[in-house]
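Chains A and B supply the protein sequences, listed in that same order. Just so we're aligned, residue 0 is where the first sequence starts under numbering that gives the first Met the number 0, counting upward by one. Just so we're aligned, residue 0 is where the second sequence starts under numbering that gives the first Met the number 0, counting upward by one.
Incorrect hints may have been included.
[As the list claims (entries may be wrong)] If you only want the chain B side, here are some residues facing chain A, beta carbon under 8 angstroms, derived: (1) Val22; (2) Ala39; (3) Thr40; (4) Thr44; (5) Ala46; (6) Gly66; (7) Arg80; (8) Arg84.
Simulated from the structure, these hints should not be mistaken for laboratory data. Where a beta carbon is used, it is the ideal one built from N, C-alpha and C, also for glycine.
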Amino acid sequence: MRREHADSPPALALRLLGALLPPAERESFVGDLVEEFHAARLPRLGRARARRWFWRETLAAVATLRPTARVPHAPSRAGDPLVLSFLADLRHGARLLRRAPAFTLLATLTLGLGIGGATAIYSVVNPVLLRALPYPDAERLVTLWERGADGSPTNVGFATFADVAAGARSLEHAAVVGDWQPTLSGAGDAERLGGARVTWGYFRTLGVRPAIGRDFVAAEDAPGEQRVVLLTHALWRRRFDADSAVVGRALSLDGVPHVVAGVLPADFDNVLAPNAQIFRVLGYAATQEWACRSCRHLRMVARLRPDVTREAAAAELNAVSARLVAEHPTDYAAAGVHVVPLRDQVTRAVRPVLLAVLGAVGLVLLIAAANVANLQLARAMRRDGEFAVRAALGAGRVRLARQLLAEGLLLAVLGGAGGLVVARLALPALVRRLPESLPRLAAVRLDGDALAVATAVTLLLGVMIGLVPALHGGRASVFDTLRGATPLAGPGRHAARAGLVVSEVALALMLLAGAGLLSRSLLRLLSVDVGFDPSGLLTLQTQATGPAYTRAADVYANHDRLRAAVLAVPGVVGAAVATQLPLTGNMDAFGIEARDRPLANPELAPSAERYVVTPDFLRTMRIPLLRGRGISDADARDSAQKVVVVSAALAAALWPGEDAVGRQVRLGGPTAPWRLVVGVAGNIRHGGLDADAGRQVYVPERQWMWADDQVTLVVRARGDAAAIAPAVRRAVLSVDPGQPVTRLATMEQIVAASTAQRRLALLLFAAFAAVALLLAAAGIYGVLAGSVTERTREIGLRSALGAAPRDILAMVLLQGARLALAGLALGLAGALALGRFLGALLYAVEPTDPGTLAAVVALLALVALFACLLPARRALRVDPMTALRTE
Amino acid sequence: MLGELEQVVLLSILRVGDEAYGVPILGEIERQTARSLTLATVYKTLARLEDKGLVASRTGDPTPQRGGRRKRYYALTADGRRALRESLAALRRMTRGLQVGWDHP
Numbered sequence: 000m001r002r003e004h005a006d007s008p009p010a011l012a013l014r015l016l017g018a019l020l021p022p023a024e025r026e027s028f029v030g031d032l033v034e035e036f037h038a039a040r041l042p043r044l045g046r047a048r049a050r051r052w053f054w055r056e057t058l059a060a061v062a063t064l065r066p067t068a069r070v071p072h073a074p075s076r077a078g079d080p081l082v083l084s085f086l087a088d089l090r091h092g093a094r095l096l097r098r099a100p101a102f103t104l105l106a107t108l109t110l111g112l113g114i115g116g117a118t119a120i121y122s123v124v125n126p127v128l129l130r131a132l133p134y135p136d137a138e139r140l141v142t143l144w145e146r147g148a149d150g151s152p153t154n155v156g157f158a159t160f161a162d163v164a165a166g167a168r169s170l171e172h173a174a175v176v177g178d179w180q181p182t183l184s185g186a187g188d189a190e191r192l193g194g195a196r197v198t199w200g201y202f203r204t205l206g207v208r209p210a211i212g213r214d215f216v217a218a219e220d221a222p223g224e225q226r227v228v229l230l231t232h233a234l235w236r237r238r239f240d241a242d243s244a245v246v247g248r249a250l251s252l253d254g255v256p257h258v259v260a261g262v263l264p265a266d267f268d269n270v271l272a273p274n275a276q277i278f279r280v281l282g283y284a285a286t287q288e289w290a291c292r293s294c295r296h297l298r299m300v301a302r303l304r305p306d307v308t309r310e311a312a313a314a315e316l317n318a319v320s321a322r323l324v325a326e327h328p329t330d331y332a333a334a335g336v337h338v339v340p341l342r343d344q345v346t347r348a349v350r351p352v353l354l355a356v357l358g359a360v361g362l363v364l365l366i367a368a369a370n371v372a373n374l375q376l377a378r379a380m381r382r383d384g385e386f387a388v389r390a391a392l393g394a395g396r397v398r399l400a401r402q403l404l405a406e407g408l409l410l411a412v413l414g415g416a417g418g419l420v421v422a423r424l425a426l427p428a429l430v431r432r433l434p435e436s437l438p439r440l441a442a443v444r445l446d447g448d449a450l451a452v453a454t455a456v457t458l459l460l461g462v463m464i465g466l467v468p469a470l471h472g473g474r475a476s477v478f479d480t481l482r483g484a485t486p487l488a489g490p491g492r493h494a495a496r497a498g499l500v501v502s503e504v505a506l507a508l509m510l511l512a513g514a515g516l517l518s519r520s521l522l523r524l525l526s527v528d529v530g531f532d533p534s535g536l537l538t539l540q541t542q543a544t545g546p547a548y549t550r551a552a553d554v555y556a557n558h559d560r561l562r563a564a565v566l567a568v569p570g571v572v573g574a575a576v577a578t579q580l581p582l583t584g585n586m587d588a589f590g591i592e593a594r595d596r597p598l599a600n601p602e603l604a605p606s607a608e609r610y611v612v613t614p615d616f617l618r619t620m621r622i623p624l625l626r627g628r629g630i631s632d633a634d635a636r637d638s639a640q641k642v643v644v645v646s647a648a649l650a651a652a653l654w655p656g657e658d659a660v661g662r663q664v665r666l667g668g669p670t671a672p673w674r675l676v677v678g679v680a681g682n683i684r685h686g687g688l689d690a691d692a693g694r695q696v697y698v699p700e701r702q703w704m705w706a707d708d709q710v711t712l713v714v715r716a717r718g719d720a721a722a723i724a725p726a727v728r729r730a731v732l733s734v735d736p737g738q739p740v741t742r743l744a745t746m747e748q749i750v751a752a753s754t755a756q757r758r759l760a761l762l763l764f765a766a767f768a769a770v771a772l773l774l775a776a777a778g779i780y781g782v783l784a785g786s787v788t789e790r791t792r793e794i795g796l797r798s799a800l801g802a803a804p805r806d807i808l809a810m811v812l813l814q815g816a817r818l819a820l821a822g823l824a825l826g827l828a829g830a831l832a833l834g835r836f837l838g839a840l841l842y843a844v845e846p847t848d849p850g851t852l853a854a855v856v857a858l859l860a861l862v863a864l865f866a867c868l869l870p871a872r873r874a875l876r877v878d879p880m881t882a883l884r885t886e
Numbered sequence: 000m001l002g003e004l005e006q007v008v009l010l011s012i013l014r015v016g017d018e019a020y021g022v023p024i025l026g027e028i029e030r031q032t033a034r035s036l037t038l039a040t041v042y043k044t045l046a047r048l049e050d051k052g053l054v055a056s057r058t059g060d061p062t063p064q065r066g067g068r069r070k071r072y073y074a075l076t077a078d079g080r081r082a083l084r085e086s087l088a089a090l091r092r093m094t095r096g097l098q099v100g101w102d103h104p
């Protein structure tokens with residue numbers, strides 16, 4: 000997150016100084032500070048203490064150099080009494096706040112939490128959702144998707160891309176991206192890299208040029224050409240010591256030499272595949288088997304011509320698509336192209352979470368403001384004496400209101416400073432919890448935008464906090480107050496406080512409802528039956544690369560050795576190899592044709608996730624076998640009858656209500672063999688806990704058309720899966736030290752990670768709701784306590800006239816209950832109205848879920864009751880004689 | 000009569016001489032009085048002295064050590080010298096006649 004050099008003064012402090020110091024002193028003062036930092040403090044104190052010193056100096060400078068701002072000597076002195084007297088108001092306010100340290104601290108803390116939370120969340124939302132992507136004319140970048148049988152966007156096949164790119168005039172550049180995870184060997188340990196295969200125009204499409212070396216050229220992007228790669232700046236620094244001589248050198252990737260064409264700029268952020276560290280040309284030709292129209296495994300990105308709107312482009316691309324469908328009717332499920340702006344595409348997954356959290360933090364901010372305004376109002380009421388004296392000495396109402404406004408601004412500025420500290424502390428913690436795949440994560444930091452928002456929020460809060468008591472504070476009669484009488488009641492002024500408390504309760508209820516809905520949703524999600532037994536399962540990815548594994552038989556033999564080595568580890572009771580895993584984001588699906596249900600267009604066949612596995616996969620995962628048999632060792636021979644096991648959902652899609660065992664299916668196109676269905680397995684959740692139970696097809700690995708070299712090893716432990724992880728890793732490396740071990744994780748960790756975003760949203764909502772609950776309770780308590788104090792005389796009078804303690808208690812509780820009930824009613828309405836914004840984050844829970852809403856209403860009512868009890872007890876202890884004597 | 004900080008800052012400017020900008024002014028005070036001030040305090044005092052016409056400042060050259068920021072040099076004006084002299088003389092008068100050891104501030 001931090002870009003500054005380790006031995007430089009804190010960048011945030013420098014920014015603060017730049018923004019807050021008067022221009023007359025800024026340059027020389029900051030220069031002096033920086034010089035002193037480098038020349039004296041850094042060598043004498045060391046890095047950490049020198050930076051602390053710099054911060055102390057910064058805060059002192061902001062505090063002392065700013066307010067005086069050399070106004071007294073300025074020539075405008077006589078002409079600007081308003082500014083001068085407002086400065087006096089500020090000074091007076093500062094004195095008052097210093098005299099009430101408990102109140103000041105409480106208000107600063109409350110506002111600091113609100114402003115800090117808002118600033119931190121905004122710092123994430125701004126680069127991720129709001130700011131343009133880091134490419135020139137980024138608004139012209141779009142992603143293009145084919146239309147699936149159900150109208151949903153799907154990846155594109157290479158032949159389709161080539162036709163669209165050649166035929167569409169509205170596209171300036173277009174490119175496709177495929178996954179690539181090469182193993183880098185040679186200097187140092189073998190390492191699996193995140194990478195991407197791209198057509199040669201990919202970086203031209205994005206508008207990015209390599210910082211060193213050259214971009215790909217068209218001639219290189221063909222089968223059999225020399226293989227060239229581009230490195231990200233980070234990989235270049237980490238693995239090649241930032242040596243520019245690496246350009247032109249050959250690297251061994253998957254045991255094959257690749258030439259480095261160049262290095263991408265340091266600030267290049269590849270939003271389409273944030274984990275990619277290395278890029279190579281795709282090298283397809285439309286005639287290749289895997290470049291076919293129905294081989295949809297590529298993602299397409301394009302840059303629109305400057306004069307073309309997205310609608311016009313979509314219209315043209317739809318026409319191109321219709322032509323292609325007419326020419327190749329059996330290769331497409333539907334005509335049409337989805338044109339999605341690149342930014343919408345990369346932020347789609349996180350947008351609901353971030354917007355919900357931003358809304359939640361906004362509510363917290365409002366509650367904090369209401370709370371502090373309430374405290375200020377209470378103070379203003381206690382300061383009737385002071386105001387009366389000032390009014391008697393000739394201060395007008397406006398003058399008194401301005402005093403309160405000044406104090407509100409001071410409090411807000413204190414809160415804003417506290418908020419910056421909170422944001423600085425909270426942001427790294429927040430970033431750690433965000434998914435690593437989040438686009439633009441590297442750009443998340445407390446920058447000028449965030450500071451500007453924090454400042455704006457601070458000023459707005461200051462005005463709010465100042466105006467509420469100013470509008471309601473100056474109404475006491477000067478005469479009565481100076482005479483020393485306490486009015487029997489002050490309904491108009493109390494209405495303002497009551498209104499604030501009611502809104503606090505309402506806002507708190509809305510946040511609680513959100514937290515309640517999210518937690519119920521998460522509980523439902525975690526109790527979803529995934530279809531296999533995740534406990535005691537360890538998983539890892541590995542890859543057989545290099546000249547030793549050129550034949551498929553070598554790869555299979557390696558898998559056998561891997562399983563044998565892992566099974567020999569103490570505590571391991573099962574091991575299997577598979578091409579993909581559920582809940583990990585793998586999306587390897589094939590259309591499944593049934594031999595007895597021929598389709599005119601095979602593209603309309605139901606698709607299923609392809610699991611190419613070793614025989615004991617179902618047993619190791621504990622996926623139940625519902626009918627027939629599983630895959631056995633006898634199926635492993637290449638010559639045997641080709642067999643598959645299908646999931647119940649796939650069987651139901653192909654042969655509704657009939658037995659699937661004994662029928663034949665085909666996957667992989669018209670040239671692929673027919674395979675016999677020998678068993679039906681239970682469905683597993685492949686795409687996510689919240690996705691439908693998917694359709695799967697299990698194929699014995701020796702019967703598949705090629706050997707997948709990148710595979711997942713699943714290991715069942717007798718006890719704790721994490722405990723055997725080191726031994727399993729050693730076992731894998733003992734088979735071949737050159738094969739990388741990546742993504743070593745227990746299945747339970749994978750299940751947990753698949754809900755990470757929901758957990759984050761829940762965590763933030765719960766934290767915000769807890770703060771809101773506390774503030775709302777404090778608000779109710781404050782109003783009632785203040786009211787009991789003011790009504791001491793009245794209460795004393797009542798008990799002297801014979802009111803029972805029960806009546807007094809009821810009187811106070813009733814007052815509290817009225818506030819709480821009004822707040823709850825308002826909050827409930829608000830929760831119902833806002834609930835739909837949470838809809839995208841909820842699973843199997845309606846935003847209006849009555850159980851959840853009832854529970855949070857009950858919780859808040861209970862807390863409100865406790866907040867009422869303390870002042871009520873004090874009211875009971877009022878001694879009638881003392882109360883009456885004070886008059 | 001000048002405030003104590005004002006005296007100390009004026010004296011420090013005199014002691015440092017031609018190279019009197021923020022860093023050495025602060026350094027000289029810290030060395031001679033063994034008290035640590037913030038740079039902001041020194042600047043605030045300098046601003047006050049300049050407002051009173053007791054010091055004058057000019058802008059100097061930037062150096063790389065300061066991230067290219069220019070220095071601001073301070074020197075006493077004639078008024079400044081007079082005010083300092085009078086202030087110190089007043090202090091001396093105030094100590095005269097007190098017990099031994101107090102008459103040389």
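Here's how the hints hold up against the structure:
1. Val22: With a closest approach of 5 angstroms, the Val22 (chain B) hint holds.
2. Ala39: holds, 4 angstroms
3. Thr40: holds, 7 angstroms
4. Thr44: violated, 10 angstroms
5. Ala46: Result: holds, 6 angstroms to nearest chain A Cβ.
6. Gly66: Result: holds, 5 angstroms to nearest chain A Cβ.
7. Arg80: violated, 21 angstroms
8. Arg84: Arg84 (chain B) check fails; min Cβ-Cβ to chain A is 24 angstroms, beyond 8 angstroms.
This entry does not satisfy hints 4, 7 and 8, going by the numbered hints stated previously.
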